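Residue numbers (my numbering), protein chains in the order written: chain A, 248 to 742; chain B, 2 to 122.
Derived from the structure by calculation, the hints contain no laboratory data. Remember, predicted model here, so these are calculated numbers, not experimental data. Positions of the beta carbon are idealized from the N, C-alpha and C atoms, including for glycine. Honestly, I wouldn't trust all of these hints.
Not everything, but these chain B residues come out facing chain A in the computed CB check (under 10 Å) [claimed, not checked]:
#	residue
1	Leu34
2	Lys65
3	Ala94
If you only want the chain A side, here are some residues facing chain B, beta carbon under 8 Å, derived [claimed, not checked]:
#	residue
4	Ser293
5	Tyr394
6	Ser409
7	Thr417
8	Ser452
Chain A residues, not near chain B, derived (Cβ > 12 Å throughout) [unchecked claim]:
#	residue
9	Val384
10	Ile418
11	Ile425
12	Gly435
13	Gln619
14	Trp658
15	Tyr717
16	Thr722
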Amino acid sequence: MMQHLPVLQVIVPLLAAPLALLLRPSRLAWLFALIASGAGLFISLSLLAQVLEQGTLIYALGGWAAPIGIEYRIDRLNAFVLLLVSLIGFVVLLAADTSIRREIDEDKQPYFYSLYLLCMAGLLGIVATGDAFNVFVFLEISALSTYTLIAMGRDRRALWASYQYLIMGTIGATFILIGIGLLYMMTGTLNMHDLALRLPAVQNSATVLTATAFFVVGVCLKLALFPMHLWLPNAYAYAPSIVTALLAATATKVAIYVLIRFVFTIFGLDFAFDSLPVHEMLLVLGVVGILVASVLAIAQSNVKRLFAYSSVAQIGYMVLGIGLANTTGLTASLLHLFNHALMKGALFLALAGVFYRLSTVELKSFQGLGRQMPLTLAAIVIGGLSLVGVPLTVGFVSKWYLVLAILERGWWPLAFLVMLGSLLALVYLWRIVEMAYFSPAPADGGNPPVKEAPLMILLPTWLLVIANVYFGLDTDLTVSLASLASIELFTPVVP
Amino acid sequence: MSALLHYNYWIVIVLMMIGFYIVITHSNLIKKLLGLSIFQTSVFILYISMGKVIGGSAPILSDKVQIYSNPLPHVLILTAIVVGIATTALGLALVVRLREAYGSIEEEDIQAQERDEGQAP
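I would like the entire structure built from these sequences, with the hints used as guidance.
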């Protein structure tokens, strides 16, 4: 049983998805989905324990060894991202039953849980697999279920957002497909490990350069790197609250993982960064993304859109860390990948609570909310402070490592720009705080009076808020995992 | 003349550009999806082209044949074709819902309605 864990990680949600479709009433479907994702979380934890103990796990699907068969390869980076995805998937699902009852019609709810599990299966599959073409297939499984989940929002703009995301997402995925095809053409293999070994021999050909360009641009579309982020704000703003929490915390993170995996393991650092200006592109777009998206976030009147733009800015930090191309920078990226998932998970779940009571997340309606929903708003404030990077929160830890990595390179003006990004984050957080705590509640006083969010939304929100503070104080686990993974990525691949 | 030897790749590039152009310029949502479909189809042809071995026959086992074309790209692209169909179907379903919600399948109409809604308090 234990040796089958790498494949079970993907198979469990994949098989649970069609089963959830059959369950009525919807609460039963929710319970079933919760059990399935709980099992997924347990599998990720045991995988991480195994990887730390024995090193890289290799699982040959159906017993066919690597060059012919497909293999799942779990090293420290995979185990780290798998844990992140299944942890967030489980915690967000805790709140789903209460929140979805308000936002999706009763008869559509089992479909919601089925698609949720399918999306999880896709995301976990991208991370677990060691086969380049499998990455594309799982990417499309998760993307197709995501489009549908977004379109389930009550607002008709959700449909329009979903359509736009479908167009941009498919172009991105097709670029990735072209990249993988060209790589196969030059090397005759799709296995990531084999690709890494065979690429150096042909890496100066125009075909491999083209493949790299297509692949990197495709992934950047998927991870919403500025200025390819246009699909993201609407998709996050109009999707059901639970979907936003899941996507913001996992989907873009998995795309970042794909970028790291291909740039570091497959193309190899020297090739990707010396033959092509990938490294400059990531640096420049990362910094510009941080600044422009933060300014755009300040201008938003809908709080979900505000945090969606903030996500684009935070993706800038992760990409910047990759672009620095040193171990500290990559450690900072991986740390921020994990930490940002905790922050945005907490923030969007808290907004799910606000939406549950008010049926809107317009900034105007936050007036006086600090007294009416103290726990929910406290969660937003702590999550927001973590975004800013205040000490004692996880945001501080990842920004600290990022600045260290920048100073290691000696580019101190860049460090100022990163700090400026944090100040901008403080500005948009302050707009919410001001509205919630320093404006009086509207005179007509909401009838009936606004109450605290229900327990089943508060509980997972605060779980993530506490994780934000805990991992900000006790950095042993996350920092050591991230730095071990990044050292592994900088080690050349051996046959 | 060497450029003409690889005419299949030229077809791929031309189809790809046609598809991409339709996606970018057309305002009709269904036309956009068909452009996307053409764009994806060009990649199918790219994969099938690269599986061809000169002088090789179709990869079906036979006593008379010594050289076969590479079957793997065909298998891979079969998966991608399924993905493409699923995407187009989902996109068309979304267009049906969009028409119910907005009463139009023109991008400009929908965006105009969004703007009006945004200005109204």
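Here is how each hint holds up against the structure:
no., hint, verdict
1, Leu34, "holds (8 Å)"
2, Lys65, "violated (26 Å)"
3, Ala94, "holds (9 Å)"
4, Ser293, "violated (30 Å)"
5, Tyr394, "holds (6 Å)"
6, Ser409, "holds (6 Å)"
7, Thr417, "holds (5 Å)"
8, Ser452, "violated (14 Å)"
9, Val384, "violated (6 Å)"
10, Ile418, "violated (7 Å)"
11, Ile425, "violated (6 Å)"
12, Gly435, "violated (8 Å)"
13, Gln619, "holds (23 Å)"
14, Trp658, "holds (36 Å)"
15, Tyr717, "holds (40 Å)"
16, Thr722, "holds (41 Å)"
Comparing the model with each earlier hint shows violations of hints 2, 4, 8, 9, 10, 11 and 12; every other hint is respected.
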